[in-house]
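Participant: Residue-level listing of the chains:
Number of protein chains: 2
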Amino acid sequence: MTQKSDAVVLLSGGLDSATVLAVAKDQGFTCHALSFDYGQRHRLELEAAKAVGKALGVVTHVILPLDLRLIGGSALTSEIDVPKDRNDQEMESGIPVTYVPARNTVFLAIALGMAETIGAFDLFIGVNAVDYSGYPDCRPEFIEQFERLANLATKAGVEGTGGFRVHTPLIEMTKGEIIQRGIDLGVDYGLTLSCYDPQTDATPCGHCDSCQLRARGFAAAGLVDPALRRRST
Amino acid sequence: MTQKSDAVVLLSGGLDSATVLAVAKDQGFTCHALSFDYGQRHRLELEAAKAVGKALGVVTHVILPLDLRLIGGSALTSEIDVPKDRNDQEMESGIPVTYVPARNTVFLAIALGMAETIGAFDLFIGVNAVDYSGYPDCRPEFIEQFERLANLATKAGVEGTGGFRVHTPLIEMTKGEIIQRGIDLGVDYGLTLSCYDPQTDATPCGHCDSCQLRARGFAAAGLVDPALRRRST
Numbered sequence: 658m659t660q661k662s663d664a665v666v667l668l669s670g671g672l673d674s675a676t677v678l679a680v681a682k683d684q685g686f687t688c689h690a691l692s693f694d695y696g697q698r699h700r701l702e703l704e705a706a707k708a709v710g711k712a713l714g715v716v717t718h719v720i721l722p723l724d725l726r727l728i729g730g731s732a733l734t735s736e737i738d739v740p741k742d743r744n745d746q747e748m749e750s751g752i753p754v755t756y757v758p759a760r761n762t763v764f765l766a767i768a769l770g771m772a773e774t775i776g777a778f779d780l781f782i783g784v785n786a787v788d789y790s791g792y793p794d795c796r797p798e799f800i801e802q803f804e805r806l807a808n809l810a811t812k813a814g815v816e817g818t819g820g821f822r823v824h825t826p827l828i829e830m831t832k833g834e835i836i837q838r839g840i841d842l843g844v845d846y847g848l849t850l851s852c853y854d855p856q857t858d859a860t861p862c863g864h865c866d867s868c869q870l871r872a873r874g875f876a877a878a879g880l881v882d883p884a885l886r887r888r889s890t
Numbered sequence: 658m659t660q661k662s663d664a665v666v667l668l669s670g671g672l673d674s675a676t677v678l679a680v681a682k683d684q685g686f687t688c689h690a691l692s693f694d695y696g697q698r699h700r701l702e703l704e705a706a707k708a709v710g711k712a713l714g715v716v717t718h719v720i721l722p723l724d725l726r727l728i729g730g731s732a733l734t735s736e737i738d739v740p741k742d743r744n745d746q747e748m749e750s751g752i753p754v755t756y757v758p759a760r761n762t763v764f765l766a767i768a769l770g771m772a773e774t775i776g777a778f779d780l781f782i783g784v785n786a787v788d789y790s791g792y793p794d795c796r797p798e799f800i801e802q803f804e805r806l807a808n809l810a811t812k813a814g815v816e817g818t819g820g821f822r823v824h825t826p827l828i829e830m831t832k833g834e835i836i837q838r839g840i841d842l843g844v845d846y847g848l849t850l851s852c853y854d855p856q857t858d859a860t861p862c863g864h865c866d867s868c869q870l871r872a873r874g875f876a877a878a879g880l881v882d883p884a885l886r887r888r889s890t
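Residue numbers (the working numbering), protein chains in the order written: chain A, 658 to 890; chain B, 658 to 890.
Because the hints were derived from the structure by calculation, they are not lab data. Each hint should be verified, as a subset may be incorrect.
[What the hints assert, rightly or not] No farther apart than 25 Å at their CA atoms in a straight line, the calculated lysine-lysine pairs in the PhoX-like style are these: (1) A:Lys741 to A:Lys812; (2) A:Lys707 to A:Lys812; (3) A:Lys812 to B:Lys682; (4) B:Lys711 to B:Lys741; (5) A:Lys682 to A:Lys661; (6) A:Lys741 to B:Lys812.
[As the list claims (entries may be wrong)] Listed below are several chain B residues computed to face chain A (Cβ distance under 8 Å; list not exhaustive): (7) Ala766; (8) Val787; (9) Gln802; (10) Phe803; (11) Leu806; (12) Ile828; (13) Met830; (14) Arg838; (15) Ile840; (16) Leu842; (17) Leu870; (18) Ala872.
[What the hints assert, rightly or not] Going by beta-carbon spacing under 10 Å, a handful of chain A positions derived as facing chain B: (19) Gly685; (20) Ile767; (21) Leu769; (22) Thr774; (23) Ala786; (24) Val787; (25) Asp794; (26) Phe799; (27) Glu801; (28) Leu806; (29) Val815; (30) Glu816; (31) Gly820; (32) Arg822; (33) His824; (34) Gly879.
In this text, all values refer to a predicted model and were calculated from it rather than measured experimentally. All C-beta atoms, glycine included, are put in the ideal place defined by N, C-alpha and C.
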């Protein structure tokens, strides 16, 4: 890529979106990060998002307050307990209570508005269809449909001045592969926070689905999670 | 309809969405209103939305703060001047600066999350493809695409427990027809506020595109706008 294009990257502060940001940067995009303060009980991830964005050199980082608690419906935003220590069968059976209704639709829609404003046509999101916890809005068919919508929804789409693309570089990767890719690109996973229910000092619980998937990913990649190493020293 | 179904109705406080709410109610739906405090300079419309929702008997009314100013890009949310006294040719040429990037995509996405949370499958939005000011996200093809997306994006869509429908009862109506329909259903348009740039006492400017379209609508319906009558007494 000779001239750098702008891209909007959804950045949660977790492992996946940190990797996505590194991939977007590696592909030559000038990256604008977008995070949401959506009433998540694991709000500490926003501090992680800031650190990750800074480390990977984003040119802007918008953190948008969006209180999804007002519409309710998820263990991540309400008083429903985050499930812990689920076995494989439990984790693979259906959509868990941590599902936030229409979350990726909402996040991508706002990313689209931001992209249109800054003249970007590339959106990056860290969805994953392999170790994905069963969320419907992480599937390839959802992403493709959103891309079609984006090109109908916008001034740029109507005027034919550009086609929006939703990049999902992790969609077919296992957690282990994602981690290996990020390590190759120099991501410091010690800055990231994946836990759905961390302690106030950001120590992960180690038992929620997200912690379990992360631990297995590092094990599969044959690596030690630097977030754990940092906290044990 | 024997058993009343729930519906989420996007309610801005303007003339169109008030009519949509009356139509949804007339069709037998139990209505849940959703409004956005999105940093619009015509924030007074939220007071109008509350009054309209109350008058038409919504069972819940969520007003969600969502500061789209953080992503910029529109005369409705930034310091760009709202255009005034435009003639027909100007109003019909292209997409105006009052276009908010991806606004209906964002609003429908959040309405979808709210619907999924309360177990509703019907969304109502007052888009209009006739007197529509040229917004890309008011077109029928956009709405159809969003409906397809909704059924891929959600737990309910994946589990096959219901199909989402996006109702656009006004989409093919002129402003005059919309007003006549609302009058027939008992809508008090004196409660609504359409102006993009009202005075602090909610007096409409009379010159923005929205005021002009409203005035023509009442003229076409052969009626006096009760919002004007109220203010002149």
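Participant: Please go over all the hints and tell whether each is borne out by the structure.
Facilitator: Evaluation of the provided hints:
The straight-line distance between the Cα atoms of Lys741 of chain A and Lys812 of chain A is roughly 45 Å, outside the 25 Å bound, and the hint therefore fails. Distance check on the hinted pair: Lys707 of chain A and Lys812 of chain A sit about 31 Å apart at the alpha-carbon level, beyond 25 Å; violated. Pair hint Lys812 of chain A plus Lys682 of chain B does not hold up; C-alpha atoms about 33 Å apart against a cutoff of 25 Å. Among the hinted pairs, Lys711 of chain B with Lys741 of chain B is inconsistent with the structure: their alpha-carbon atoms are about 32 Å apart, more than 25 Å.
Between Lys682 of chain A and Lys661 of chain A the alpha-carbon distance is near 10 Å, which keeps this suggested pair within the 25 Å criterion. Between Lys741 of chain A and Lys812 of chain B the alpha-carbon distance is near 21 Å, which keeps this suggested pair within the 25 Å criterion. Taking 8 Å as the C-beta cut-off, the interface hint given for Ala766 of chain B holds, the closest approach to chain A being about 4 Å. For Val787 of chain B, the interface hint is violated, since its Cβ never comes within 8 Å of a Cβ in chain A; the closest pair sits about 17 Å apart.
For Gln802 of chain B, the interface hint holds, since its Cβ comes within 8 Å of a Cβ in chain A; the closest pair sits about 5 Å apart. Satisfaction of the interface hint for Phe803 of chain B is found here, the shortest Cβ-Cβ separation to chain A being roughly 6 Å, below the 8 Å cut-off. Interface hint status for Leu806 of chain B: upheld, as the beta-carbon distance to the closest one in chain A is roughly 5 Å, under 8 Å. Annotation: interface hint on Ile828 of chain B violated; nearest CB of chain A at approximately 15 Å, more than 8 Å.
Nearest Cβ of chain A to the Cβ of Met830 of chain B: about 21 Å, over the 8 Å cut. The hint is violated. The criterion of a C-beta within 8 Å of any C-beta in chain A is not met by Arg838 of chain B, whose closest approach is roughly 27 Å, and the hint is violated. The criterion of a C-beta within 8 Å of any C-beta in chain A is not met by Ile840 of chain B, whose closest approach is roughly 32 Å, and the hint is violated. Interface restraint check: Leu842 of chain B against chain A, minimum CB-CB distance 27 Å, threshold 8 Å, status violated.
The beta carbon of Leu870 of chain B is not positioned within 8 Å of any beta carbon in chain A (closest approach about 19 Å), and the interface hint is therefore violated. A cut of 8 Å between beta carbons decides the hint on Ala872 of chain B: the least distance to chain A is about 26 Å, and the hint is violated. Below 10 Å, beta-carbon pairs count as interface contacts, and Gly685 of chain A has none with chain B, the closest being about 23 Å; its hint is therefore violated. Here the hint on Ile767 of chain A is kept, as its CB sits about 6 Å from the closest CB of chain B, short of 10 Å.
At its closest, the beta carbon of Leu769 of chain A sits 4 Å from a beta carbon of chain B; the interface hint therefore holds under the 10 Å criterion. Of the supplied interface hints, the one on Thr774 of chain A holds, with its beta-carbon coming within about 3 Å of a beta-carbon of chain B, less than 10 Å. Taken as an interface hint, Ala786 of chain A does not check out: its beta carbon lies about 13 Å from the nearest beta carbon of chain B, beyond 10 Å. The criterion of a C-beta within 10 Å of any C-beta in chain B is not met by Val787 of chain A, whose closest approach is roughly 17 Å, and the hint is violated.
The criterion of a C-beta within 10 Å of any C-beta in chain B is met by Asp794 of chain A, whose closest approach is roughly 5 Å, and the hint holds. Satisfaction of the interface hint for Phe799 of chain A is found here, the shortest Cβ-Cβ separation to chain B being roughly 5 Å, below the 10 Å cut-off. Residue-level restraint check for Glu801 of chain A holds (minimum Cβ-Cβ distance to chain B is 9 Å; threshold 10 Å). The criterion of a C-beta within 10 Å of any C-beta in chain B is met by Leu806 of chain A, whose closest approach is roughly 5 Å, and the hint holds.
For Val815 of chain A, the interface hint holds, the least distance from its beta-carbon to any beta-carbon of chain B being 4 Å, beneath 10 Å. Annotation: Glu816 of chain A was flagged as interfacial toward chain B, and the flag holds, the nearest CB pair being 8 Å apart, inside 10 Å. Proximity of Gly820 of chain A to chain B is violated relative to the hint, the smallest CB-CB distance being about 14 Å (cut-off 10 Å). Interface restraint check for Arg822 of chain A: the shortest CB-CB distance to chain B comes to about 15 Å, outside 10 Å, so the restraint is violated.
This hint is violated: His824 of chain A has a C-beta 17 Å from the nearest C-beta of chain B, more than the 10 Å allowed. At its closest, the beta carbon of Gly879 of chain A sits 34 Å from a beta carbon of chain B; the interface hint therefore is violated under the 10 Å criterion.
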